[in-house]
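Protein chains: 2
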Amino acid sequence: MSDDLSAAARAYSNIAFIKYWGNADDALRLPASGSLSMNLAGLHTTTVLRWSEDLIGDSLTINDQIAQPHALRRTSAHLDVMRERLGIRHRAEIRSSNNFPMGTGIASSASAFAALTLAATAALGVELSQRELSALARRGSGSAARSIPPGFVEWFTGASHDSSYAETIAGPDHWDLVDVVAVVSREHKRVDSTAGHATAASSVLQSARLQTVEDRLRMAKGAILRRNFEQLAAVVEEDSNLMHAIMMTSRPALFYWQPASLAIMQAVRRWRERDGLEVCYTLDAGPNVHCICASSDAQVVKSRLKAIDGVNDVLYSEAGPGAHLIADE
Amino acid sequence: MSDDLSAAARAYSNIAFIKYWGNADDALRLPASGSLSMNLAGLHTTTVLRWSEDLIGDSLTINDQIAQPHALRRTSAHLDVMRERLGIRHRAEIRSSNNFPMGTGIASSASAFAALTLAATAALGVELSQRELSALARRGSGSAARSIPPGFVEWFTGASHDSSYAETIAGPDHWDLVDVVAVVSREHKRVDSTAGHATAASSVLQSARLQTVEDRLRMAKGAILRRNFEQLAAVVEEDSNLMHAIMMTSRPALFYWQPASLAIMQAVRRWRERDGLEVCYTLDAGPNVHCICASSDAQVVKSRLKAIDGVNDVLYSEAGPGAHLIADE
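Line by line, the protein sequences give chains L and W. Its first residue numbered 1, the first sequence is counted upward by one per residue in the numbering used here. Its first residue numbered 1, the second sequence is counted upward by one per residue in the numbering used here.
These are computed hints drawn from the structure, not numbers from a lab. Quick reminder that beta carbons are idealized off the backbone N, C-alpha and C, glycines included. Among the hints, a few may not be true.
To be verified - Residues of chain W clear of chain L, computed beta-carbon distances all greater than 10 Å:
{"hint": "1", "residue": "A67"}
{"hint": "2", "residue": "H70"}
{"hint": "3", "residue": "I169"}
{"hint": "4", "residue": "D176"}
{"hint": "5", "residue": "Q231"}
Said to hold, decoys possible - Covered by chain W, according to a simulated footprint, are these stretches of chain L (three or more residues, beta-carbon under 8 Å):
{"hint": "6", "stretch": "196-207"}
{"hint": "7", "stretch": "248-256"}
Go ahead and model the full structure; you've got the sequences and the hints to work with.
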């Protein structure tokens, strides 16, 4: 074995057009339904990982700060999955950094676990298929499965670890959509997504949402393949509203929206319906509003968002690549 | 026949604890589910009605102003139902007034059609049962059925005109609950309730909501009968969230909440969960937040609401009586 079992990988956050909310199997993170997303070129995590037999434990820094214990525990749990798959008992030293401001409520778990999964295998010189990487990344964070392949990505529900992975439906250059993110809160989520997924089934509406998700997946996929913005906007907003409807009717009720989120959602709809801008909104498990728009409308959307009370920051991202290795810094 | 076929009646607005949203029959206003409400002593409509063979058409003033054409049309349509039931062809002159400020988004159709129905029968000297009055009032506005009987009221779904009526489950003195209404907008609703009901079935979630409403009716009824605030709060907030979940996932999506509505909902929940106040929220098809609370907590709720940005006014109402005749002014 080489003395230097290290590698560096980069993976990109993604924004779901058709949402993942609720698991069929919490331990394996098998989702209750399929989902569909766009990778975000502008928001990425870079992870340098070194395996060593000499380390007494895993260690993790995020943006050069020693990570919180809960973050290290979750990372170590994922490394256990990787160690089992790779047949090693080494511990890992991990340095991870996000290019987007911390604490903006932009989820970093998708890009973080995708980058970690790729770096962990590459550091051992093991080259896995994209499909297997995607399934493995899923074990760390469900949506990380979607940050492995490039561009516009569908994650298949699957009935087992192996069959629940994500695949590109169109490359990043297929359609020049942009995600203009209105950052409305720097607070950390009160209920993290892992805990949130576990409450989804407590909503009396969740099964009705799941029964109809295949229709929305088909519509969203068709809209992307045909580059039909109007159709995409309708299904993306409906699916976001459906997920938040589940959240706010769960027991206990989860409200991720802030007052400013609602103001932005209403504004976005007006801009599309009244002003003809190609823009629609979608929100993940947080208060930030992702405004998906045609690149030609992105600048006007950005400046209008900045004028709304409660918008602290605006991030900009085009469709992004899949996870890839980079030269160690 | 007497020369003076007139009568004056008063009826009270009501706030639904278990909501009415969606019809099984739009023309007859047969609801898709049962509902449950509290009459509001502080918010009433007083209606003076005079039948005459000499009038060439129906006329309506609201707060001494000649009513808008759409309001007169809806009133005349209801008078047609009354004329058929009463076997007359007279036209009616109606003077209606609300004691609550117009344009606060407080629905006046429940109290208005309940008062109108009672005045229309009494003016002819006809005395109908409370059950028949309730069913008739329903034809003008669904929730008006609940403003006929006093106190805490259940409206039965029914399968026909006659069997869809409301009945008292507990009198107004049974429990000293108060509705403190945070008025957040003076704008008129963009989508009125009648049109809104017609969209309910377009949400993929509506049938799941309807399948579970009997459980919530039973819980709410039990909580009222046992005066258990904690149980009432849980089911009232859940049912409000469920109705708004349907609204925002309808096609087109209906958002009745304003940013301030959301801020108030979140505050109310904190006040209950963190500060131990007996208060919960519920919203009808509008942005105002009805804060249902124990009378002992009403003053502190009122003053806290006034301190929230976007709250224009606060109304106060105890549990109210049923529709009744009054001496003509």
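Confirm or reject: A67 of chain W is not an interface residue toward chain L, with every Cβ-Cβ distance exceeding 10 Å.
30 Å, holds
Is the coverage entry for the stretch 248-256 of chain L by chain W consistent with the three-residue Cβ rule at 8 Å?
Satisfied; 5 residues make the cut.
Exclusion check [H70 of chain W not at the chain L interface, CB over 10 Å]:
Given that every Cβ of chain L is farther than 10 Å from that of H70 of chain W, nearest at about 23 Å, it holds.
Non-interface claim for Q231 of chain W, where every Cβ of chain L lies beyond 10 Å
13 Å, holds
Looking at D176 of chain W again, its CB stays over 10 Å from all of chain L?
Fine: 27 Å to the nearest Cβ keeps D176 of chain W off the interface.
Verdict on chain W covering the stretch 196-207 of chain L, where coverage means 3 or more residues with a C-beta closer than 8 Å:
holds (count 3)
Test the statement that I169 of chain W is away from the interface with chain L: the closest C-beta pair must be farther apart than 10 Å.
Answer for I169 of chain W: holds, closest chain L Cβ roughly 23 Å.
Of the hints listed earlier, there is not a single one the structure fails to meet.
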